[in-house]
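Number of protein chains: 2
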Amino acid sequence: MESIAQLKQLLANQVEWLSHYGADSDGGVTRLLYTPAWLKAQQALAERMREAGLDTYYDDAGNLYGRLEGTEHPEEVVLTGSHIDTVRSGGKYDGAAGILAGLACLRRLYAQFGRPKRTLEIVSLCEEEGSRFPITFWGSGNMTGRWSMSRIPDVADAEGVSLGQAMADAGFGPGTHRPCRRYDLVSFIELHIEQGMVLERLELPIGIVQGIVGQVRLTFEVCGETNHAGTTRMAWRKDAVAGTAEMTLALEREARSAGDPYVATVGKMVVAPNVSNVIAGNVLFTVDLRHPDALSLEAFARRIVERFYSIAAERSLQLSHRQWMHADPVPMNEELVHRLEQTCKSLQVSYHEIHSGAGHDAQLLSAVCPSAMLFVPSRAGISHSPDEYTDAQDLAVATRVLADTLYQLAYVGGQRQA
Amino acid sequence: MESIAQLKQLLANQVEWLSHYGADSDGGVTRLLYTPAWLKAQQALAERMREAGLDTYYDDAGNLYGRLEGTEHPEEVVLTGSHIDTVRSGGKYDGAAGILAGLACLRRLYAQFGRPKRTLEIVSLCEEEGSRFPITFWGSGNMTGRWSMSRIPDVADAEGVSLGQAMADAGFGPGTHRPCRRYDLVSFIELHIEQGMVLERLELPIGIVQGIVGQVRLTFEVCGETNHAGTTRMAWRKDAVAGTAEMTLALEREARSAGDPYVATVGKMVVAPNVSNVIAGNVLFTVDLRHPDALSLEAFARRIVERFYSIAAERSLQLSHRQWMHADPVPMNEELVHRLEQTCKSLQVSYHEIHSGAGHDAQLLSAVCPSAMLFVPSRAGISHSPDEYTDAQDLAVATRVLADTLYQLAYVGGQRQA
Chain S
1 MESIAQLKQL LANQVEWLSH YGADSDGGVT RLLYTPAWLK AQQALAERMR
51 EAGLDTYYDD AGNLYGRLEG TEHPEEVVLT GSHIDTVRSG GKYDGAAGIL
101 AGLACLRRLY AQFGRPKRTL EIVSLCEEEG SRFPITFWGS GNMTGRWSMS
151 RIPDVADAEG VSLGQAMADA GFGPGTHRPC RRYDLVSFIE LHIEQGMVLE
201 RLELPIGIVQ GIVGQVRLTF EVCGETNHAG TTRMAWRKDA VAGTAEMTLA
251 LEREARSAGD PYVATVGKMV VAPNVSNVIA GNVLFTVDLR HPDALSLEAF
301 ARRIVERFYS IAAERSLQLS HRQWMHADPV PMNEELVHRL EQTCKSLQVS
351 YHEIHSGAGH DAQLLSAVCP SAMLFVPSRA GISHSPDEYT DAQDLAVATR
401 VLADTLYQLA YVGGQRQA
Chain B
1 MESIAQLKQL LANQVEWLSH YGADSDGGVT RLLYTPAWLK AQQALAERMR
51 EAGLDTYYDD AGNLYGRLEG TEHPEEVVLT GSHIDTVRSG GKYDGAAGIL
101 AGLACLRRLY AQFGRPKRTL EIVSLCEEEG SRFPITFWGS GNMTGRWSMS
151 RIPDVADAEG VSLGQAMADA GFGPGTHRPC RRYDLVSFIE LHIEQGMVLE
201 RLELPIGIVQ GIVGQVRLTF EVCGETNHAG TTRMAWRKDA VAGTAEMTLA
251 LEREARSAGD PYVATVGKMV VAPNVSNVIA GNVLFTVDLR HPDALSLEAF
301 ARRIVERFYS IAAERSLQLS HRQWMHADPV PMNEELVHRL EQTCKSLQVS
351 YHEIHSGAGH DAQLLSAVCP SAMLFVPSRA GISHSPDEYT DAQDLAVATR
401 VLADTLYQLA YVGGQRQA
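Order-wise, the sequence lines are chains S and B.
Using my numbering, read the first sequence as starting at 1 and increasing by one per residue.
Using my numbering, read the second sequence as starting at 1 and increasing by one per residue.
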């Protein structure tokens, strides 16, 4: 393989190149599912894949594959890649980094070693973010059975264009290309930006993801008494804002004292009547809780809900709540994680065992094959922003780790393995 | 004068009668400035005033007066009354109680004692609430020089109708009636509902207002860092919502420990981006502070602002603030307050020395003549609501106190007095 310096240059160039598809005037990137920018990006990637010697094909959902057919076990597919879509005004790295790193790996592996024993594929997943339509993981979901071409969700974008129509307009949909569902995958490794500050603060180039956190999201409604801000003594108030403030601080304290990797967030708060001289009678607010262990997460959620009800009772406030999202934690495959760690060690690359606080395609793929993830550092933890940035040196190091791991999985040995 | 039982029945009937003008289907009352309901209410009141033997007239702003010309000092006017307008979906008592009590007083004083030595007038002020146009005290403001017919504010209602146009449509405006500005007032006494819970909790029928609180209103902007709710460790967050929660609780604690009559309210809060899975980078919130003593209020405001900046600094949040309202406390006239207290004592009516936490027309009138206020209890402290209620017995007792005081001011003695 080329040197890290060469890889660094290559990847830096490729990141810039791909970011032109859907480039915003402010330096950001907007590549929403099935839009012209998205389609051109997939077509340009397909061209690059073919230049690298890969066979390319789409599936019905618009996932783009580049394939190196295996010589001994063509029916066993080792897969890498990530998603091509972005949020509105997103960055150049989220999703793209994993596709470009994977493509660099397959190009060089093929150039150096020819065809693998197992089939090696790279995928540019059509959608992960849920930025155009109110669904997420449309790409990996169709591969794994969470979504299906036979039941296209009846959703529309902000302009009223349905998902089915947008898909057809872009040249995709049932029967247009290969079926989406994959039954031949033996491993999936996704390289992705961390979107957090852990690696940067630790000054480490690589995070080996141990698991993707579980999430619980709840909405609480606090009902007090709307009253006159001038004539109502402090002791007689049933102030929904003050009650919510106490709950918010209790949540923060609880998460802090539970320690990493617990995170808890009140991100949304709607006050009524929301007038400066009226004591608020009503507040709706959300709580987002995450932890990689299902039992810890559940216990944490229970503790929070109990604490909130006790605060409400002390303040004579009415409280109600609704849990509207629950996603179990998804551990990464132990053997693959171990293999990635061994690769880092053999390459003398320092790494950090990390948990992903965000959702990723790998959590869907992990339902159908052993899956793992490599994280690269995000400068200042920023993502979903034009300021998203990952140092090309870090990206090159991680790409080398990915290439070596893919080599072991697809070129070495012959037994079915994780 | 008639017995309290008779007065009680009379006032209960009159409250119901007046509430038909602008009656909402839910039992509330909506009488916005210069609307047909408002005009009919003024016209109906004028009719009742004339039935009671009063001379009636309007001023250019639409304030309605009923007058008993003084026999000895017609140029010295003792005034009572309150405002006829309501908030949207308001109650039957806010403003109306003071007009109806005053009218009952003048009717009976005239019937029993004939014309007074000083002129005695009742006023049905055209506007106090600021519910149709974004200005308040249009009625008493025109009497006292805060507002002027020569500079009609360029404001419009929700439908785009200007104040000047609405006034003209209702038959008012510069030169249509008598000039608004009054230079002949020697005292003003306003009876009004408390709009708080103090009298009800103390089980007292009357509050003698010592002063109207000063108000400071501020808007704070907390700037942190918008970040991913899943990937940002608790320790690394700059969470504008959590910071605001800590400030809100600190404010509540400070006001509670300062004790009555301090009140402090966060009534409005706007979070950005206000999304459940994003740590909020920005919160705008308001603080409403009130206290009857100017120096205490100022010190309190200074303490709060300092505390907030220290909380922001501890959390590495940026804070800015703007004080957009400052109204000095308005003490009521000592001699009039003393006279009201003496009247209560002589009638063996228990009373409470109270501060008004809300603004009232009396605070404008106090700039041009000795002014005072009588409060009657509000059930559960509720006002600006169809549920607004004051027991007719309490209203009758207060009306008796008002009548006796007006008698002393207008019928007894001859020197100019407070």
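No lab work stands behind these hints: they were computed from the structure.
Being a predicted model, the structure only gives us computed values, none of them experimental.
Worth double-checking, as some hints may not be accurate.
[Stated by the list, open to error] Here chain S is said to cover these stretches of chain B; the calculated rule only asks that three of the stretch's residues, wherever they fall, bring their Cβ under 8 Å from a Cβ of chain S:
#1 145 to 152
#2 160 to 173
#3 252 to 261
[What the hints assert, rightly or not] So the derived label-pair ranges between C-beta atoms look like this:
#4 B:349 <-> S:303: 35 to 43 Å
#5 S:259 <-> B:134: 31 to 39 Å
#6 S:322 <-> B:270: 20 to 28 Å
#7 B:316 <-> S:23: 30 to 38 Å
#8 B:134 <-> S:176: 28 to 36 Å
#9 B:155 <-> S:134: 50 to 58 Å
#10 B:43 <-> S:309: 35 to 43 Å
#11 S:88 <-> B:171: 38 to 46 Å
#12 B:145 <-> S:314: 26 to 34 Å
#13 B:155 <-> S:303: 46 to 54 Å
#14 S:26 <-> B:316: 34 to 42 Å
#15 S:176 <-> B:270: 40 to 48 Å
#16 B:155 <-> S:23: 25 to 33 Å
#17 S:391 <-> B:155: 31 to 39 Å
Heads up, the beta-carbon is just placed ideally off N, CA and C, and yes, glycines get one too.
To see whether the hints hold, each was checked on the structure:
| no. | hint | verdict |
| --- | --- | --- |
| 1 | 145 to 152 | violated (count 0) |
| 2 | 160 to 173 | violated (count 0) |
| 3 | 252 to 261 | holds (count 5) |
| 4 | B:349 <-> S:303: 35 to 43 Å | violated, 55 Å |
| 5 | S:259 <-> B:134: 31 to 39 Å | violated, 51 Å |
| 6 | S:322 <-> B:270: 20 to 28 Å | holds, 23 Å |
| 7 | B:316 <-> S:23: 30 to 38 Å | holds, 33 Å |
| 8 | B:134 <-> S:176: 28 to 36 Å | violated, 58 Å |
| 9 | B:155 <-> S:134: 50 to 58 Å | violated, 41 Å |
| 10 | B:43 <-> S:309: 35 to 43 Å | violated, 54 Å |
| 11 | S:88 <-> B:171: 38 to 46 Å | violated, 55 Å |
| 12 | B:145 <-> S:314: 26 to 34 Å | violated, 49 Å |
| 13 | B:155 <-> S:303: 46 to 54 Å | holds, 52 Å |
| 14 | S:26 <-> B:316: 34 to 42 Å | violated, 26 Å |
| 15 | S:176 <-> B:270: 40 to 48 Å | holds, 46 Å |
| 16 | B:155 <-> S:23: 25 to 33 Å | violated, 46 Å |
| 17 | S:391 <-> B:155: 31 to 39 Å | violated, 57 Å |
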